[in-house]
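Go ahead and model the full structure; you've got the sequences and the hints to work with.
Residue 1 is where the sequence shown starts when you use my numbering, and the numbers rise one by one after that.
Bear in mind the hints are in silico, worked out from the structure with no lab data behind them.
Careful, some of the hints might be misleading.
[To be verified] The following label-pair restraints were derived from C-beta to C-beta distances:
1) 85 / 61: 33 to 41 Å
2) 66 / 93: 39 to 47 Å
3) 56 / 81: 35 to 43 Å
4) 56 / 10: 27 to 35 Å
5) 23 / 80: 30 to 38 Å
6) 44 / 69: 30 to 38 Å
7) 65 / 40: 32 to 40 Å
8) 85 / 19: 53 to 61 Å
9) 51 / 79: 40 to 48 Å
Backbone N, C-alpha and C fix where the C-beta goes; we use that ideal spot for every residue, glycine too.
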Amino acid sequence: MSAAIERIVVQATPQDKEAIAAKAKALDLPISELMRRGAFAYRADETDAELSALADAARSAAERAGEAIDDALAFIEASNQRIATMEAEAKAARPAQRKAA
1 MSAAIERIVV
11 QATPQDKEAI
21 AAKAKALDLP
31 ISELMRRGAF
41 AYRADETDAE
51 LSALADAARS
61 AAERAGEAID
71 DALAFIEASN
81 QRIATMEAEA
91 KAARPAQRKA
101 A
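Right under this line is the structure:
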């Protein structure tokens, strides 16, 4: 194996740097080796297809969630209307009950 003679600077947030360093330590690798392996393992086409499938699944889930929320809100509104009707009927029946007593 030839000695590394080129340097590549990678900017990262402090949190990312800490996570990368922890992963390298857990794998007992130098950070540079971990980064090299990660770069060589990266396949843009596969990743893009996976991300696209994930985005489609998320979009579908969001649409289903929106529909479920709409259904729940419609159910709640119908329930509120039923309650209001029952309360109005009970209120209207009270004076008749008082007169009968």
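Going down the list of hints, with the structure as the test:
1. 85 / 61: 33 to 41 Å: Between residue 85 and residue 61, where Cβ atoms are some 36 Å apart, the hint holds.
2. 66 / 93: 39 to 47 Å: About 41 Å separates the Cβ atoms of residue 66 and residue 93, which means 39 to 47 Å holds.
3. 56 / 81: 35 to 43 Å: 38 Å Cβ-Cβ, so the 35 to 43 Å window holds.
4. 56 / 10: 27 to 35 Å: The hinted range 27 to 35 Å holds for residue 56 and residue 10, with Cβ atoms some 31 Å apart.
5. 23 / 80: 30 to 38 Å: violated, 53 Å
6. 44 / 69: 30 to 38 Å: Holds, since residue 44 and residue 69 (Cβ atoms, about 36 Å apart) stay within the stated range.
7. 65 / 40: 32 to 40 Å: This hint holds: roughly 39 Å between Cβ atoms.
8. 85 / 19: 53 to 61 Å: holds, 58 Å
9. 51 / 79: 40 to 48 Å: Holds, at about 41 Å.
Of the numbered hints listed earlier, the single one contradicted by the structure is hint 5.
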